[in-house]
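Asker: Assemble the complex: chain Y is given as a structure, and chain L must be docked to it using the hints.
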Amino acid sequence: NAGVTQTPKFQVLKTGQSMTLQCAQDMNHEYMSWYRQDPGMGLRLIHYSVGAGITDQGEVPNGYNVSRSTTEDFPLRLLSAAPSQTSVYFCASSLTGSSTDTQYFGPGTRLTVL
Amino acid sequence: AQTVTQSQPEMSVQEAETVTLSCTYDTSESDYYLFWYKQPPSRQMILVIRQEAYKQQNATENRFSVNFQKAAKSFSLKISDSQLGDAAMYFCAYRTSTQGGSEKLVFGKGMKLTVNP
Numbered sequence: 743n744a745g746v747t748q749t750p751k752f753q754v755l756k757t758g759q760s761m762t763l764q765c766a767q768d769m770n771h772e773y774m775s776w777y778r779q780d781p782g783m784g785l786r787l788i789h790y791s792v793g794a795g796i797t798d799q800g801e802v803p804n805g806y807n808v809s810r811s812t813t814e815d816f817p818l819r820l821l822s823a824a825p826s827q828t829s830v831y832f833c834a835s836s837l838t839g840s841s842t843d844t845q846y847f848g849p850g851t852r853l854t855v856l
Numbered sequence: 570a571q572t573v574t575q576s577q578p579e580m581s582v583q584e585a586e587t588v589t590l591s592c593t594y595d596t597s598e599s600d601y602y603l604f605w606y607k608q609p610p611s612r613q614m615i616l617v618i619r620q621e622a623y624k625q626q627n628a629t630e631n632r633f634s635v636n637f638q639k640a641a642k643s644f645s646l647k648i649s650d651s652q653l654g655d656a657a658m659y660f661c662a663y664r665t666s667t668q669g670g671s672e673k674l675v676f677g678k679g680m681k682l683t684v685n686p
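In the order they appear, the protein sequences are chains Y and L. Just so we're aligned, residue 743 is where the first sequence starts under our numbering, counting upward by one. Just so we're aligned, residue 570 is where the second sequence starts under our numbering, counting upward by one.
The hints are simulated quantities; they were obtained by calculation from the structure and are not laboratory data. Predicted model, so just to flag it, every value in this text is computed and none were measured. Built from N, CA and C at the ideal position, the CB exists for glycine as well. Just to be clear, a hint being listed does not mean it is correct.
[Stated by the list, open to error] Heads up, incomplete: computed chain Y residues facing chain L, CB under 10 Å, no partners named: (1) 775; (2) 777; (3) 806; (4) 844; (5) 845; (6) 852.
Just chain Y, same shape as in the assembly (with noise of 0.2 Å):
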């Protein structure tokens, strides 16, 4: 199994592009999210799923879309990049929401908005 993957792994946009971040798992995982990571703090929730077609706001959702059309997926959208979007993203996946399950992270994806 391959796990939790991201791409890319580095990005750098300018001021009003947008992109998606890809992430994909391949361990059957109903629950999925995104985090941030910025310097000096832990990570925040973005986005979650717990499941196909359900996605739900986290800590800090705004400038963020997300879509879930199969379990695999969880690709994050930055509809028009802002210089507050630089950041360590981090996509992570878990059998189901249960605070049972263990979280899974991928390796990260470095962005920086000029």
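Answerer: Showing chain L alone in chain Y's frame:
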């Protein structure tokens, strides 16, 4: 809202010695889970250990163990026989329930551990 506090931004330890990383949290819930994650320079988040709040026994995973004090809302990680590969950022995390009944992780700000040879 739940919060997780790691008050020590950095620590160092000599190889083969023991180090304790501290974490406190705030919650009004009685049932929850606590985690320690390790983030090496590769940036991958790796689960180190997990503690269930309703269990009195402290969790242990090989050289890693926790001291869970529920009344004090304290959750420290002890690393015994420290190895060079233990050098990383360590994050304490709390798993709570969101509005929809699913759960998210609430993270502390992290602590950088250096292991000196």
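Asker: Now look at each hint and say whether the structure bears it out.
Answerer: Evaluated hints:
The interface hint given for residue 775 (chain Y) holds, since its Cβ lies 7 Å from the closest Cβ of chain L, which is under the 10 Å cut-off. The interface hint given for residue 777 (chain Y) is met, as the beta carbon of that residue sits about 8 Å from the closest beta carbon of chain L, less than 10 Å. Hint status for residue 806 (chain Y): violated, given a least beta-carbon distance of 15 Å to chain L, over 10 Å. For residue 844 (chain Y), the interface hint holds, the least distance from its beta-carbon to any beta-carbon of chain L being 5 Å, beneath 10 Å.
With 10 Å as the threshold, the beta carbon of residue 845 (chain Y) comes within range of chain L, its nearest partner Cβ sitting at about 7 Å, so the hint holds. Satisfaction of the interface hint for residue 852 (chain Y) is found here, the shortest Cβ-Cβ separation to chain L being roughly 8 Å, below the 10 Å cut-off.
In summary, the structure is inconsistent with hint 3 from the numbered list given earlier, while agreeing with all the others.
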